[in-house]
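J.: One letter stands for each residue in the lines below.
There are 2 protein chains.
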Amino acid sequence: MTVGIIGLGLIGGSMAIDLRRRGFADRVIGVESEPVNASAAEKIGLVDAVVPFETCISESDIVVVAVPVGTAVKMVMQILDRFQELGAKDKIVIDVCSTKEQITLATHYHPCRSQFVSTHPMAGTEYSGPWAAMPNLFDGRACIFANAEESSPKALATVERLYDTLNMRPIYMNASNHDVHTAYVSHISHVTSFALALTVLDKEKDEKHIFDLASGGFSSTVRLAKSNADMWVPILTQNRENVLKVIDTYIEKMTLFREAIDSFDEEKTRSLIEEANRIKKIIR
Amino acid sequence: MTVGIIGLGLIGGSMAIDLRRRGFADRVIGVESEPVNASAAEKIGLVDAVVPFETCISESDIVVVAVPVGTAVKMVMQILDRFQELGAKDKIVIDVCSTKEQITLATHYHPCRSQFVSTHPMAGTEYSGPWAAMPNLFDGRACIFANAEESSPKALATVERLYDTLNMRPIYMNASNHDVHTAYVSHISHVTSFALALTVLDKEKDEKHIFDLASGGFSSTVRLAKSNADMWVPILTQNRENVLKVIDTYIEKMTLFREAIDSFDEEKTRSLIEEANRIKKIIR
Chain D
708 MTVGIIGLGL IGGSMAIDLR RRGFADRVIG VESEPVNASA AEKIGLVDAV VPFETCISES
768 DIVVVAVPVG TAVKMVMQIL DRFQELGAKD KIVIDVCSTK EQITLATHYH PCRSQFVSTH
828 PMAGTEYSGP WAAMPNLFDG RACIFANAEE SSPKALATVE RLYDTLNMRP IYMNASNHDV
888 HTAYVSHISH VTSFALALTV LDKEKDEKHI FDLASGGFSS TVRLAKSNAD MWVPILTQNR
948 ENVLKVIDTY IEKMTLFREA IDSFDEEKTR SLIEEANRIK KIIR
Chain S
708 MTVGIIGLGL IGGSMAIDLR RRGFADRVIG VESEPVNASA AEKIGLVDAV VPFETCISES
768 DIVVVAVPVG TAVKMVMQIL DRFQELGAKD KIVIDVCSTK EQITLATHYH PCRSQFVSTH
828 PMAGTEYSGP WAAMPNLFDG RACIFANAEE SSPKALATVE RLYDTLNMRP IYMNASNHDV
888 HTAYVSHISH VTSFALALTV LDKEKDEKHI FDLASGGFSS TVRLAKSNAD MWVPILTQNR
948 ENVLKVIDTY IEKMTLFREA IDSFDEEKTR SLIEEANRIK KIIR
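Note that the protein sequences, when read in sequence, are chains D and S. Using the numbering used here, the first residue of the first sequence is number 708, and each one after it goes up by one. Using the numbering used here, the first residue of the second sequence is number 708, and each one after it goes up by one.
Looking at chain D on its own, in the form it has when it is part of the complex (with noise of 0.2 Å):
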């Protein structure tokens, strides 16, 4: 099987490399956009070619799109129409974008949607590019997939064993409730951490040396402010609503710490940290 993977970044170059290695694939191919980006993951061996796009949607079995999701739009719904336009009913396109639902609305109406499996695979790390790729990323971690009934079964079930081979536990979701979900457990610990970054960083405008003492807890608070806007405007953007929900939630918890610590209230602290201690039981 031949498969064709745009967007040779942090999780197109995982996935080729394990895809390959694994034998799901006999051939990788790839397309990426940024010549820098381009001459890497060929230097790198991440693909076996870089080849035009029309070349990988000719020659692919599975079509991988792992751009921006802004992008990623777009591109599915031209991918689709190439299909038609081919006549290539056993081709499959798969998208893996962080939002789901402006895709599956898109989508939800082309003549080929059943060529399409809507997927976000939950693994990354907060580098970005062919140089971050790495094997073994996706090990043990979840991966959702949209709206799976709008798919052919037998799309579908191809694209669960490409999953399976890189060791993923599917969840079957509607695209909504997956953008909602997200948004609380991924897009907003984003967002505050850039904005933990841009309260400290404004700080050491007149406090030179105020990193010296930044300790681990600071560093993993932190950590997901080196996130990549590229990625991650589309994303906020896409998931605008959710995301403007949780960011209001999460003020109001902030400002009732602010209140119970303005008045020295300490009972009113100590309680709001014990309610959040019960994460406890969720995360490990």
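These aren't lab readings, by the way, just hints derived from the structure by calculation. Some hints here could point you the wrong way.
Claimed, not checked - Below are the BS3-like pairs computed for lysine-lysine, each with C-alpha atoms no more than 27 Å apart in a straight line:
#1 915/D x 912/S
#2 988/D x 781/S
#3 975/D x 912/S
#4 987/S x 912/D
#5 988/S x 910/D
#6 915/S x 988/D
#7 987/D x 912/S
Assemble chain S onto chain D, guided by the hints.
T.: What follows is chain S alone, placed relative to chain D:
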């Protein structure tokens, strides 16, 4: 040398392990007011003996006060009083508190002030109690000496040797700067994690499976929300003014994100993220 440790939790217990193991102390005795913790500390063998407070003062060459910051201020004063009553001019007391201004203010005019060395070993985990104590906890981390010029050179040299045994990097700083810096690079991280945990736990009331999608990024930003209220309530109270200032800046930054996302201003969102990305140069 006999080292007495008051409070056999994560910090006190971990110090006990390494100070004895690495030969700084021939004997380590401990004081622990919580009976369950006391018997655990004896069972684990953290200390040679758990003793009454008074025995600890009379038998120790160095007393380490490793209790929550509110209690620590009173206890250090009480120990300096006892040094004076005993005429024990060679004994030393140190604290390991996360806030330094109140404890250095309170002790400033004490006749035995020079026998007190105020320190903040910047190490820890989100766990607490004698069970959380571990070898090598302090290796390579920073230890703040606050207002070191108020300690006698001899007491200071002994405590520097103690932290050198723990492989810590000494940093000298006045107490007030310390409290500003830690508000930015430690205390606010805890508040942001607590608020994040509260936000998501609230949503969990309606959406039972919300944590199925929690990724490594979420765990990393929410990890500190497991932290203990006994430790953090007094820190937030004692460092109230600095913490409130940082919370206000933080809410401002979060509001900038909210506005940019709300108004579909992708350029603004991008520039906020790219500014936050500068944290890369500082935190590896």
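J.: The structure should be examined with respect to each hint, and the outcome stated for every one.
T.: Taking the hints in turn, this is what the structure says about them:
{"no.": "1", "hint": "915/D x 912/S", "in the structure": "violated (43 Å)"}
{"no.": "2", "hint": "988/D x 781/S", "in the structure": "violated (35 Å)"}
{"no.": "3", "hint": "975/D x 912/S", "in the structure": "holds (21 Å)"}
{"no.": "4", "hint": "987/S x 912/D", "in the structure": "holds (16 Å)"}
{"no.": "5", "hint": "988/S x 910/D", "in the structure": "holds (16 Å)"}
{"no.": "6", "hint": "915/S x 988/D", "in the structure": "holds (14 Å)"}
{"no.": "7", "hint": "987/D x 912/S", "in the structure": "holds (16 Å)"}
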